[in-house]
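Based on the sequences and whatever the hints tell you, model everything.
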Amino acid sequence: MSRYLLNKFLYTVDRDPDLVERYRDDPAGTVAWWEAERANAVLNCHTGEASTWLRFTDEEREVLATQDHVRLFELGAHPFLTLTLFIAMFERDHGPLEYQLAYAERMKHIDMPYPDIAT
Amino acid sequence: MATVVAVIASTHHPFYYKASTATGDDRPPFADEWVRKITAFRETLTRARPDVLVMVGSDHFHQLWLDNMPQFLIGKAPFYDANWYNEEREFGMPRMLLKGNEDLSAHLLREGLDRDFDLAFSNELRIDHSITCPIITLRPEADLPIVPIYTNIFAPPLPRPKRFVQLGQAIRDIVESWPSDLRVAIIGTGHLSLELGGPRQFGPHGPDPEFDLKAIEWIATGDLDGCLSEVTLDSLHSPGNATHGFMDFMLMMGVAGAGAKADHVDSLDLFHTREAYFTWYPNGAPE
Numbered sequence: 001m002s003r004y005l006l007n008k009f010l011y012t013v014d015r016d017p018d019l020v021e022r023y024r025d026d027p028a029g030t031v032a033w034w035e036a037e038r039a040n041a042v043l044n045c046h047t048g049e050a051s052t053w054l055r056f057t058d059e060e061r062e063v064l065a066t067q068d069h070v071r072l073f074e075l076g077a078h079p080f081l082t083l084t085l086f087i088a089m090f091e092r093d094h095g096p097l098e099y100q101l102a103y104a105e106r107m108k109h110i111d112m113p114y115p116d117i118a119t
Numbered sequence: 001m002a003t004v005v006a007v008i009a010s011t012h013h014p015f016y017y018k019a020s021t022a023t024g025d026d027r028p029p030f031a032d033e034w035v036r037k038i039t040a041f042r043e044t045l046t047r048a049r050p051d052v053l054v055m056v057g058s059d060h061f062h063q064l065w066l067d068n069m070p071q072f073l074i075g076k077a078p079f080y081d082a083n084w085y086n087e088e089r090e091f092g093m094p095r096m097l098l099k100g101n102e103d104l105s106a107h108l109l110r111e112g113l114d115r116d117f118d119l120a121f122s123n124e125l126r127i128d129h130s131i132t133c134p135i136i137t138l139r140p141e142a143d144l145p146i147v148p149i150y151t152n153i154f155a156p157p158l159p160r161p162k163r164f165v166q167l168g169q170a171i172r173d174i175v176e177s178w179p180s181d182l183r184v185a186i187i188g189t190g191h192l193s194l195e196l197g198g199p200r201q202f203g204p205h206g207p208d209p210e211f212d213l214k215a216i217e218w219i220a221t222g223d224l225d226g227c228l229s230e231v232t233l234d235s236l237h238s239p240g241n242a243t244h245g246f247m248d249f250m251l252m253m254g255v256a257g258a259g260a261k262a263d264h265v266d267s268l269d270l271f272h273t274r275e276a277y278f279t280w281y282p283n284g285a286p287e
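Those sequence lines, one after another, are chains X and G. The first sequence: position 105 = 105 (this note's numbering), numbered continuously. The second sequence: position 169 = 169 (this note's numbering), numbered continuously.
Keep in mind that the hints were calculated from the coordinates and are not lab data. Hints should not be assumed to be uniformly reliable.
[To be verified] In silico lysine to any residue, SDA-like type, Cα no more than 25 Å apart, as pairs: (1) Lys108/X x Asp234/G; (2) Lys162/G x Pro113/X; (3) Lys18/G x Phe90/X; (4) Lys214/G x Met112/X; (5) Lys18/G x Val20/X; (6) Lys108/X x Glu210/G; (7) Lys18/G x Gly95/X; (8) Lys214/G x Tyr114/X; (9) Lys18/G x Pro113/X; (10) Lys214/G x Asp266/G; (11) Lys108/X x Thr46/G; (12) Lys18/G x Phe86/X; (13) Lys162/G x Thr119/X; (14) Lys18/G x Arg15/X; (15) Lys99/G x Ser122/G; (16) Lys18/G x Glu91/X; (17) Lys99/G x Thr46/G; (18) Lys18/G x Leu97/X; (19) Lys18/G x Pro17/X; (20) Lys108/X x Pro204/G; (21) Lys108/X x Phe202/G; (22) Lys18/G x Arg92/X; (23) Lys162/G x Ala118/X; (24) Lys18/G x Asp16/X; (25) Lys37/G x Pro94/G; (26) Lys162/G x Tyr114/X; (27) Lys18/G x Leu101/X; (28) Lys18/G x Lys108/X.
Shown next as structure tokens:
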């Protein structure tokens, strides 16, 4: 399990307006492309340098491909990253605060303590 | 030596800018009261006539990321661009450009390192809403040079609450030892109870109103012992999953000093959070 890689996906997509739209429109395709092309990029470094060992587990890949924010939370993805990106993708389809409240409602069954988010 | 003319601690709410500038049907019902409270809060800084602002906040995964995460970082640059695409997108935050004061940055870094704080630094730092929110609320002219100080309240493992307090105490001493005749205000922002991306988010109040009232009492009375006796890295999970931002308030309690009663205390119960505003005048209230 790699909370770091889940977070890296959320972080790099969230900060790129084109990728936000691409992930909204084609979740599974974007996840597959990102894992193949971007997962091992060392951010802020020369593009010739890359890591060699980063990949999703099957579960992580599926959770991202199905845009399941509840399971992302349960896997320990950073809740701020998930929330920010999901608001960017889906708030537009809802009335004021409607999406944020529905997002919370879908998590009502989650008790304290919450999953660890340390990376 | 430099004078600390005001110490200010505040929540930072990225929606204030949008709420306070909205008109007609877009203006939320709480906006007028919020603006009134912020205007009174702003006056507490204006009256202190600062020349330089030391600004304590926390990067929200903008420039600082998990491949290279400092615990405490001081900006040392002549300028700071501010706010990021996703803050513009979600909160309507404006792009800003703030001046720096490299001499004070260098002094804080040198003296901080010599006091056993292994401070990171940045010579090119784009700051985010944890620092621009208080610029917007307290000094919307954005005309004073700043020294940004970032803390990690966001990406565990985090320093413990006591370390935040100790750093605040050190910042106060170091600013007061700066060979300068400038008037410095030290401003820091954090959170009371807060939940982001969890089941308790965006409720009718903050996720833990009881914690919020207790926290306000600790801060307003400078009750560092009481606060430190109850607040731990573990305990902060309970009021809400983003409540570790309260440690920036604890840092500011360290700046203000143990037992220092705030000269201005105000708060506003909003949906999602309780906002809270504190000002101390270390050398007495200005005329």
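Practice prompt. Could you tell me which of the hints above the structure violates, numbers in ascending order?
Written response: 9, 11 and 28
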